[in-house]
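Given the structure of chain H, go ahead and fit chain B onto it with the hints provided.
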Amino acid sequence: MRGEAMARKSKQVDSFREAVQDIADGSTIAFGGFAMPGTPFNLIKALLEQGAKQLTLVANTTGGAQQPRMPDIGMLVENGQVRKVICAFTAATRPTDVLPFTRYYEAGEVEAELVPQGTLAERLRAAGAGIPAFYTPTAVGTELAEGRETRIIGGREYLLEYALPLDYAFVRAVRADTFGNLQFHRSQRNFNPVMATAARVTIAEVDEPILPAGAIDPDMVHTPGIFVHRLVQVPPSPEGLWPVKRQERRR
Amino acid sequence: MSGSKGLARQQMADRAAMEFQDGWIVNLGVGIPTLCSNTDIGERDIIYHSENGVIGYGPIAAEGAEDLNLVNAGGQNVTLRPGAAVVHHADSFGVIRGGHIDATVMGAYQVACNGDFANWKLAGQKAVASAGRWTWRPVPNGCLSSWNTSPATARRGWCSAAICR
Chain H
1 MRGEAMARKS KQVDSFREAV QDIADGSTIA FGGFAMPGTP FNLIKALLEQ
51 GAKQLTLVAN TTGGAQQPRM PDIGMLVENG QVRKVICAFT AATRPTDVLP
101 FTRYYEAGEV EAELVPQGTL AERLRAAGAG IPAFYTPTAV GTELAEGRET
151 RIIGGREYLL EYALPLDYAF VRAVRADTFG NLQFHRSQRN FNPVMATAAR
201 VTIAEVDEPI LPAGAIDPDM VHTPGIFVHR LVQVPPSPEG LWPVKRQERR
251 R
Chain B
1 MSGSKGLARQ QMADRAAMEF QDGWIVNLGV GIPTLCSNTD IGERDIIYHS
51 ENGVIGYGPI AAEGAEDLNL VNAGGQNVTL RPGAAVVHHA DSFGVIRGGH
101 IDATVMGAYQ VACNGDFANW KLAGQKAVAS AGRWTWRPVP NGCLSSWNTS
151 PATARRGWCS AAICR
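Each protein sequence line maps, in turn, to chains H and B.
1 is the number of the first residue of the first sequence in my numbering; add one for each residue after it.
1 is the number of the first residue of the second sequence in my numbering; add one for each residue after it.
If we strip away everything but chain H, and leave its shape as in the complex, we get (with noise of 0.2 Å):
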């Protein structure tokens, strides 16, 4: 038995603060979501109000490149809860963008480390499925494999990456049974499913109401309730948060 993975009675839990309330100073945990999809803001929002520091965040980007802002990494780092970010993206696609957490990079306020996108993944994957470390040809040759670890193999140079293990994952999916098997709909699955296998706890904020164990038929389930620990349902807005359509920017 393994955490809490193996609890009889449901998972459900009545509220994000009771979600998130042990979490310690100094905690590693990463939030799912590309764009609005996936991303679980009602947990980000609970753990702002929460208060933990010094914590190492996992992510794809940042947040704040788009509007309306929803609650992001950016927050939480001019909160002062942040000390590392593990990130995609330290700054917007876009130049002339300028995210609120670059400023606190920029001036050394908080550490980051960039990893390729992909390569974030699959060291998310690695530490959820035993893989302590892997050979990629991402990044070979550029100012990310600097003074790293190369092998050649069958005449290709890759790079050494390790695995990505976590204290906590924060996902959003649509579905959940009281057991915390889980679905996604459409691109809300991202990096929700390796997340929740690479976390000592996983909680899941989901969009509908919390089916009873077995609703859910084995085949169609994405991520395995063996992965998933706490489940809070969203309430309706405003109460609870919801993806939005994102306002295109003149150009």
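The hints are simulated quantities; they were obtained by calculation from the structure and are not laboratory data.
There's no promise every hint is true.
[Claimed, not checked] Listed next, the in silico DSSO-like pairs over lysine-lysine satisfying Cα-Cα at most 30 Å (straight line):
1. B:K121 <-> H:K245
2. B:K121 <-> H:K84
3. B:K126 <-> H:K84
4. B:K126 <-> H:K45
5. H:K53 <-> B:K126
6. H:K9 <-> H:K45
7. H:K45 <-> H:K245
8. H:K84 <-> H:K45
9. H:K53 <-> H:K84
Just chain B now, kept in the frame of chain H:
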């Protein structure tokens, strides 16, 4: 393109999409490249892949018909074409790294006339927008075509596009 009027963003994407051949699986990156999924490709079967795990998407969704949980690489709400599939992020980059893609269209900050291009970091900048861009570097037998964007964006020195194979 200096001295000429230049192309609008969608026109650039339409021009890129002319290169796609029947049966190709094409990754579209953030920015102008994602507009390729709006282009009328006629009788060609082109499967568009987005880094967030969407395989087989189509045009950007019409106003009012958006699925807020379905986006392309730029976070825009898109539609799915018949036969579409969704995978998680590790599998999505496995699709790229594993050599299952025929071409990608990437956004770039700046493109040189010899095809060199800058696409993830600006000189003097500490912060970086990496995305999936390193993943393409090892693709063998690469050939590259590129062109300038509109004068307005060219003046700002960024945001051209490139097709990589």
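Status of each hint after checking the structure:
For the hint pairing K121 (chain B) with K245 (chain H), the CA-to-CA distance comes to about 28 Å; that is within 30 Å, so the pair holds. Proximity of K121 (chain B) to K84 (chain H) is assessed by CA-CA distance (about 20 Å); at most 30 Å being required, the pair is judged to hold. Distance hint between K126 (chain B) and K84 (chain H) is fulfilled; the C-alpha atoms sit about 15 Å from each other, no more than 30 Å. Note on K126 (chain B) and K45 (chain H): the hinted pairing holds, with a Cα-Cα distance of about 28 Å set against a maximum of 30 Å.
Taken as a hint, the K53 (chain H) and K126 (chain B) pair is honoured in the structure, with Cα atoms around 24 Å apart against an allowance of 30 Å. This hinted pair checks out: K9 (chain H) and K45 (chain H) have alpha carbons roughly 27 Å apart, not beyond 30 Å. Between the alpha carbons of K45 (chain H) and K245 (chain H) the distance comes to roughly 19 Å, so the proposed pair stays at or under 30 Å and holds. With a C-alpha separation of about 18 Å, the suggested pair K84 (chain H) and K45 (chain H) falls inside the 30 Å cut-off, and the hint holds.
For the given pair, K53 (chain H) sits about 11 Å from K84 (chain H) by alpha-carbon distance, which is consistent with the 30 Å threshold.
Every hint, counting from the list given before, is met by this structure.
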